[in-house]
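Read top to bottom, the protein sequences are chains X and P. Start counting the first sequence at 1; every next residue gets the next number (my numbering). Start counting the second sequence at 341; every next residue gets the next number (my numbering).
I should point out that these hints are in silico values taken from the structure, not numbers from a laboratory. Hints are supplied without guarantee of correctness; some may be wrong.
Quick list of in silico lysine-lysine cross-link-like pairs, BS3-like style, CA-CA up to 30 Å [stated by the list, open to error]:
| id | chain 1 | residue 1 | chain 2 | residue 2 |
| --- | --- | --- | --- | --- |
| 1 | X | Lys201 | P | Lys454 |
| 2 | X | Lys226 | P | Lys453 |
| 3 | P | Lys524 | X | Lys201 |
| 4 | X | Lys120 | X | Lys256 |
| 5 | P | Lys652 | X | Lys28 |
| 6 | P | Lys454 | X | Lys7 |
| 7 | X | Lys28 | P | Lys454 |
| 8 | X | Lys201 | P | Lys368 |
| 9 | P | Lys524 | P | Lys368 |
| 10 | P | Lys453 | X | Lys197 |
| 11 | X | Lys7 | X | Lys196 |
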Amino acid sequence: MMYLLEKKKINTELSAWAKDYEVITPQKVENYTQFLPFDESSTLELTNPHNTRYPPKALFFPQTETMLTYNSRLGRFEETQVRDEPRIIFGIRPCDASAFALMDTVFLSEDYTDPYWKTKRESAIVVGLGCNNPPQTCFCTTVGGGPFNHEGLDALLTDHGEFFFVQVLTEKGRALFEDLPLASEEQVNEIKKIQKKASDKMAPAFETKGLKQKLDIIFESSYWEKIAESCLGCGICTFLCPTCFCFDIVDEVQRKKRIRNWDTCMFRIYSQEASGHNPRPSNRERTRQRLMHKYSYWLDQIGEIGCTGCGRCVRYCPVGLDIRAMLRIASQQESEVIHA
Amino acid sequence: MAELVSELRTQIERLLADQSIDVFIAFKKADSPLRPQPAFFRSGDALTDLEYNSLCQNNLGNYLTRYPNETRIGMVVRGCESRTVNALLVEKQHIRENLTLIGVPCHGIVDIKKIIEHYGEEITGYSENQTDITIILQGKEHTLPREELLHDSCLRCLHPNPVNADILIGDPLPEGDPSLVRKKVDSFEALSRDDRYNWFKQEAERCIRCYACREACPMCYCTECFVDFNQPRWTESSISPAGTHAWHIIRAFHQAGRCTSCGACERACPVDIKMTYLTDKLNEDILEIYNFETGMNDETQPPFAAFNMDDKKRFVA
Numbered sequence: 001m002m003y004l005l006e007k008k009k010i011n012t013e014l015s016a017w018a019k020d021y022e023v024i025t026p027q028k029v030e031n032y033t034q035f036l037p038f039d040e041s042s043t044l045e046l047t048n049p050h051n052t053r054y055p056p057k058a059l060f061f062p063q064t065e066t067m068l069t070y071n072s073r074l075g076r077f078e079e080t081q082v083r084d085e086p087r088i089i090f091g092i093r094p095c096d097a098s099a100f101a102l103m104d105t106v107f108l109s110e111d112y113t114d115p116y117w118k119t120k121r122e123s124a125i126v127v128g129l130g131c132n133n134p135p136q137t138c139f140c141t142t143v144g145g146g147p148f149n150h151e152g153l154d155a156l157l158t159d160h161g162e163f164f165f166v167q168v169l170t171e172k173g174r175a176l177f178e179d180l181p182l183a184s185e186e187q188v189n190e191i192k193k194i195q196k197k198a199s200d201k202m203a204p205a206f207e208t209k210g211l212k213q214k215l216d217i218i219f220e221s222s223y224w225e226k227i228a229e230s231c232l233g234c235g236i237c238t239f240l241c242p243t244c245f246c247f248d249i250v251d252e253v254q255r256k257k258r259i260r261n262w263d264t265c266m267f268r269i270y271s272q273e274a275s276g277h278n279p280r281p282s283n284r285e286r287t288r289q290r291l292m293h294k295y296s297y298w299l300d301q302i303g304e305i306g307c308t309g310c311g312r313c314v315r316y317c318p319v320g321l322d323i324r325a326m327l328r329i330a331s332q333q334e335s336e337v338i339h340a
Numbered sequence: 341m342a343e344l345v346s347e348l349r350t351q352i353e354r355l356l357a358d359q360s361i362d363v364f365i366a367f368k369k370a371d372s373p374l375r376p377q378p379a380f381f382r383s384g385d386a387l388t389d390l391e392y393n394s395l396c397q398n399n400l401g402n403y404l405t406r407y408p409n410e411t412r413i414g415m416v417v418r419g420c421e422s423r424t425v426n427a428l429l430v431e432k433q434h435i436r437e438n439l440t441l442i443g444v445p446c447h448g449i450v451d452i453k454k455i456i457e458h459y460g461e462e463i464t465g466y467s468e469n470q471t472d473i474t475i476i477l478q479g480k481e482h483t484l485p486r487e488e489l490l491h492d493s494c495l496r497c498l499h500p501n502p503v504n505a506d507i508l509i510g511d512p513l514p515e516g517d518p519s520l521v522r523k524k525v526d527s528f529e530a531l532s533r534d535d536r537y538n539w540f541k542q543e544a545e546r547c548i549r550c551y552a553c554r555e556a557c558p559m560c561y562c563t564e565c566f567v568d569f570n571q572p573r574w575t576e577s578s579i580s581p582a583g584t585h586a587w588h589i590i591r592a593f594h595q596a597g598r599c600t601s602c603g604a605c606e607r608a609c610p611v612d613i614k615m616t617y618l619t620d621k622l623n624e625d626i627l628e629i630y631n632f633e634t635g636m637n638d639e640t641q642p643p644f645a646a647f648n649m650d651d652k653k654r655f656v657a
């Protein structure tokens with residue numbers, strides 16, 4: 001079943017939701033886009049061919065988050081009240097929504113549940129917007145996703161003409177859209193064609209079959225030195241990545257707060273040990289870690305690739321490094337290099 | 341431009357063939373025509389990939405500090421890069437004898453963010469001449485004047501010509517107009533104190549602490565940056581105002597008399613933070629007070645690194 005959401009009524013709809021929910025939508029900031037709370041003054045950005053530059057993982061896993069506050073008057077630590085007001089995240093791309101599902105395996109695992117992630121995640125309704133024209137920098141289909149993938153979503157919109165066509169995927173999603181008119185069978189077929197066309201347009205960026213084994217074998221290869229040679233060692237690829245989840249806990253003593261901040265394996269201090277030793281002393285080891293984590297270690301841990309092909313690391317790398325090219329070259333490494 | 345690349349290739353080939361260098365640092369073609377990458381050539385064979393055009397966004401001087409002094413490095417340098425190399429030589433980051441610099445007078449770096457803003461990302465072809473940029477989008481050619489797409493730092497570039505090239509390819513260009521820099525600094529200074537602070541806040545507080553500005557900057561080569569110290573900690577590592585303000589102010593101050601206005605910091609920033617309004621002001625001050633411009637030669641110490649018994653201010657003695 002598919003519902004029809006008229007584009008010209010979108011602001012009315014979002015404003016109506018905003019009475020009961022905090023509504024979060026992609027919006028323009030300077031020359032980029034980011035998910036921000038919607039109000040009447042907001043400028044929606046739903047026509048960008050790809051996802052927002054700033055990753056929506058920040059909605060559940062903010063870059064800086066207070067974990068505890070020290071109450072010096074009472075001499076005790078106080079837990080932070082994690083926000084649990086209901087939220088609607090509207091217009092998220094399928095790659096980013098499926099990243100939520102991957103992040104769940106980290107933050108909602110059987111061994112350890114992260115209350116900060118869990119509370120925000122569970123109180124959110126996630127409405128996706130499929131990608132009619134995926135740009136060259138995207139590669140979701142290569143890593144098992146797709147421009148109209150359902151993973152992590154409560155409803156999925158397809159942009160067509162005057163309407164967004166809404167597929168409801170969960171009960172939470174249904175509750176939002178069930179009052180809207182239904183699409184005709186003809187329209188539904190047309191939407192399916194649009195979806196298929198978008199997906200067919202995306203040629204595989206690299207071969208994933210056997211890639212993990214290949215990466216494991218070339219761990220000591222000089223290949224890593226070569227690909228890391230131009231890497232600046234900044235945090236763009238990992239901070240903008242929708243599946244990178246590392247954080248660093250610090251005590252801001254003056255502010256009496258224990259805070260966690262995003263951290264990244266691309267930084268020297270990430271792996272710097274108290275002794276002075278650093279097991280990942282150069283960009284070679286750090287770049288290797290980033291690729292191996294996504295394309296080998298995630299597979300060891302949960303049997304899935306830890307990358308959704310969102311393309312951010314490709315689009316925003318200041319030296320033009322492209323993870324797809326890196327992986328292609330990795331899989332072409334000859335065994336002579338491996339044993340070198 | 342094709343001629344330039346071919347002459348560059350010939351020169352690099354020669355340097356590699358007669359073994360007068362160990363590595364040549366330049367740019368190479370990548371999958372996307374918009375994103376040539378820094379490249380490290382050690383043999384002539386790889387030079388088929390050599391690229392040089394106005395999309396080469398990075399300041400290659402950045403890579404100089406990665407090599408020991410013994411490494412004989414060849415490098416292609418534009419105006420700002422050549423002054424960067426000088427500034428690094430002044431700070432003893434390499435030995436001039438072990439550098440071979442191929443200079444190219446620079447028509448300015450085209451900001452890919454501006455191209456994408458105009459045309460999106462699906463660009464399949466790119467070409468340029470001295471005045472225009474042509475891109476191919478869905479099989480169609482689009483031409484725009486170069487000036488509209490140049491990076492902001494390049495629009496007010498003072499010294500487009502390399503100052504220390506061993507080999508120069510192309511004809512020297514006229515020097516830039518200092519009033520353009522002054523105009524920008526003046527317009528910021530004309531704001532009220534509150535407005536200046538609000539501007540600074542608005543820029544700095546978008547920061548995501550990825551340190552791409554630091555890593556893209558050739559002059560930020562400290563093994564341990566002040567933000568990475570934790571015993572003692574100098575500043576918060578979070579994205580709080582306290583943390584982001586401290587980072588942006590101190591980063592800029594560490595550049596006083598050292599910044600060559602290449603703009604690599606702004607081009608690298610993933611959240612479009614403007615930073616050169618701070619360093620341009622510092623450069624103006626350094627010029628006015630100390631009559632010093634960064635990197636014009638490879639001997640003169642920047643004012644804040646120099647020690648002089650005749651110093652006008654007697655704070656030393």
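Hints, one by one, checked against the model:
1. Lys201(X) x Lys454(P): The hint holds at about 26 Å.
2. Lys226(X) x Lys453(P): The given pair, whose Cα atoms are some 27 Å apart, holds under the 30 Å limit.
3. Lys524(P) x Lys201(X): violated (46 Å)
4. Lys120(X) x Lys256(X): Within the cut-off at roughly 24 Å; holds.
5. Lys652(P) x Lys28(X): At roughly 51 Å apart (the allowed maximum being 30 Å), lysine 28(X) and lysine 652(P) break the hint.
6. Lys454(P) x Lys7(X): holds (29 Å)
7. Lys28(X) x Lys454(P): holds (15 Å)
8. Lys201(X) x Lys368(P): holds (28 Å)
9. Lys524(P) x Lys368(P): The hint is violated at about 34 Å.
10. Lys453(P) x Lys197(X): Roughly 29 Å separates the two Cα atoms, so the pair holds.
11. Lys7(X) x Lys196(X): holds (22 Å)
In this structure, the earlier hints numbered 3, 5 and 9 are contradicted, and the remaining ones agree with it.
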